[in-house]
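Start from the sequences, fold in the hints, and give me the full structure.
Quick mapping for you: the protein sequence lines, in order, are chains P and H.
If you use this note's numbering, the first sequence corresponds to residues 1 to 414, in order.
If you use this note's numbering, the second sequence corresponds to residues 1001 to 1414, in order.
Everything labelled a hint here was simulated from the structure, so no lab data went into it.
Because the structure is a prediction, the values reported are computed rather than measured.
In this text, a Cβ means the ideal position worked out from N, Cα and C, and glycines have one as well.
Where hints are given, some of them may not hold.
On the chain P side, residues computed to face chain H include the following (Cβ under 8 angstroms) [what the hints assert, rightly or not]:
hint, residue
1, T62
2, P140
3, L148
4, R155
5, T158
6, Q172
7, L244
8, L277
9, A326
Number of protein chains: 2
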Amino acid sequence: VASTSWVPVPDGSPFPVQNLPYGVFSRGDEDPRVGVAIGAYVLDLAPLAASEGADFASVFHTPSLNPFMGLGRQAWHAVRHWLTERLRDESYRSLVEPELVPLDQVRLHMPFAVGDYVDFYASEHHATNLGRILRPGEPPLTPNWKHLPIGYHGRAGTVRLSDTSVRRPCGQAKAPDAERPVFGPSTRLDFEAEVGFVIGTPTLPGERVGVDQVRDHVFGVVLVNDWSARDIQAWEYRPLGPFLGKSFLTSLSPWVVPLDALEPAMIAPPAQDPEPLDHLRGTADFGLDLDLEVRINGAVVSRPRYAQMYWTPGQMLAHLTSGGAALRTGDLYASGTVSGPTPAEYGSLVELSAGGARPLALADGSTRTFLEDGDEVTISATAPAGAGGVRLGFGAVTGEVRPADVPAAPVAAQ
Amino acid sequence: VASTSWVPVPDGSPFPVQNLPYGVFSRGDEDPRVGVAIGAYVLDLAPLAASEGADFASVFHTPSLNPFMGLGRQAWHAVRHWLTERLRDESYRSLVEPELVPLDQVRLHMPFAVGDYVDFYASEHHATNLGRILRPGEPPLTPNWKHLPIGYHGRAGTVRLSDTSVRRPCGQAKAPDAERPVFGPSTRLDFEAEVGFVIGTPTLPGERVGVDQVRDHVFGVVLVNDWSARDIQAWEYRPLGPFLGKSFLTSLSPWVVPLDALEPAMIAPPAQDPEPLDHLRGTADFGLDLDLEVRINGAVVSRPRYAQMYWTPGQMLAHLTSGGAALRTGDLYASGTVSGPTPAEYGSLVELSAGGARPLALADGSTRTFLEDGDEVTISATAPAGAGGVRLGFGAVTGEVRPADVPAAPVAAQ
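Here it is as structure tokens:
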């Protein structure tokens, strides 16, 4: 069997045969259904599987990955093997080719129904930078930070597909020198470049998932932009954490990259000091060698490397389930902002502009402290995909900032 | 039409004809479906509606209130009117009586599928007490507290029906004088007596709900026990708020009391100083005159009055949607612990025992600082339901504490 596909894959395509990410697509007014990206095409899985009488055909004829993801790891392996064979072995060409739809003819949909959405805070560099900005004069990392992966629940109902424009939110904020807060459009709108992990195999209440069991439960990986209104967040977050500052929109990349495709990107996790407690330790734990890229209006402003994250995907999942919380198919947990030690690797604008104190110069000569209306933010990523320097790509997550919809005062009288 | 029902309603029954709360029930191995509680019976709505050819019959033949709740306020009114007529006018007796099922023959199910779950912090007394316990030496209320209803997202996947026993969670905690945290069973397991509001009518992203529009969106009201592990929470909650300390189980009462049934319980909201900003003001805002009762092992330990809550249901909803977050049918927002000014009105054990410093004496002569294995906590409530001193009741939310399931060390080696 060939190492490449008989489907033409252009140089630099994010979707070589080593990737095979899953998404939900439609063409014209057809029903949305599950497909796999290969080169410049999406492979329509339901008719291909049905034509072979495969017993898993029905899970692809739905507008969501949830039924397939819920089948569990053995089924994911079987389908990936089946697909790889058909896309590498040219003898399948006449069978498969009729089900290839050009990517530029399809509309992509939200790939899965989100259960609970948890956002972690797993980058030491990001947490340190944010601590300095939000709590000047205090130690930037709280005393718990190196003992557990800190996380909180976000609003699952505001997780949407890439290309959803972000309406600048209104909210309450208080300037440091003001006596009272005001309600109005956020003036410190930001992005956060994150990596998200999608749960396939559910668990029962009380069932803990060990660090080494992450591959049994995580189906795949997406990119996440956790849009944030820093002024709203700063005023509201004590003592119960972020709420409206982060629940107006969270954007996802449209293709779910199988965790199996990231095998060549799995690397030794970073050294952790102090050594974590038993429930956060494994013998097969891994970090991920993903290179992210953040663009504002088309120009790269940052290249965060996921390899530098302190807490691993396995540790985040082990922590999340350590108290007995059940997992549901479609649950999503994200890493928190991916930031490295230097400004060229910061994954949010609040870090890139030092909390607004040092405007970031863009390629067009303008500067940004925070996002302006009309700005477009795009996050993409690549990862090693095997021999010969092949790399795979994530579908980008992008969004454009639209002006606030300011309420006529008072709202109640409308 | 009579002011009472021809269905016998025992004195002191929580379910007079003025209540008519909705739930999901089954008998034997029948399919779960929607019913209404009246006296000692549940009325099986689907066959009754079908026998009359009512166009809303299909929404009751489902194991969830979501389809009915999603129809919106006009449909809720129409069905309540239809039901009230049939249960008050004895001429309907022969039609209705065959569909009455004795409550003691049915099994109750989770009444709706929870979308997002938000927990507020709307009692000034509770927030002050907790602030004193968690942050001694600092002002108990954070500077934002009187300007906005503080809230956070909880884990929707761990919201379960009353009578689900609560497994004592394990987690990380650090004693104040310890150098490092330890992982083990929580030693400070607590309850929180809360009131929850269930969203019926959804909104689009960006659509704000004004304070006075709460009745268009809130279908009904339930009781909530937001079980909390205070030691886990205290160690994890800075800076992103509660996470595992509150995501092992949240229990709901089985009957959703329509907001319309609480009309006689609507009272002027408490005075607020400072006056809230425009987006948190209305001209028809209301508080709720609900009397809660908390029992441990059958004996009353507290009687919190919801009338004393600082932030109103309308203000919480207006705040939640002020940044543009959409509502989905089935979203749940809870008030946070209902506590009054005196210990006899505290809605959590951490307050009743002054953070564990002053053990609470129970009726059997034992004392509690926090919950012990085998303890049963039950929260119930009543409200004025109209003329003649009639009161309605909420179905109780109850749960028994089971011992922790302590992992063999290390988890990863299992």
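Against the structure, the hints:
1. T62: violated (18 angstroms)
2. P140: violated (10 angstroms)
3. L148: holds (5 angstroms)
4. R155: holds (5 angstroms)
5. T158: holds (5 angstroms)
6. Q172: Hint on Q172(P): holds, closest Cβ of chain H at ~5 angstroms, below 8 angstroms.
7. L244: Hint holds; L244(P) Cβ to chain H Cβ min 4 angstroms, cut 8 angstroms.
8. L277: For L277(P), the interface hint holds, since the closest Cβ of chain H sits about 5 angstroms away, which is under 8 angstroms.
9. A326: Since the shortest Cβ distance to chain H is 6 angstroms, the answer is holds.
Consistency note: the structure conflicts with the earlier hints numbered 1, 2.
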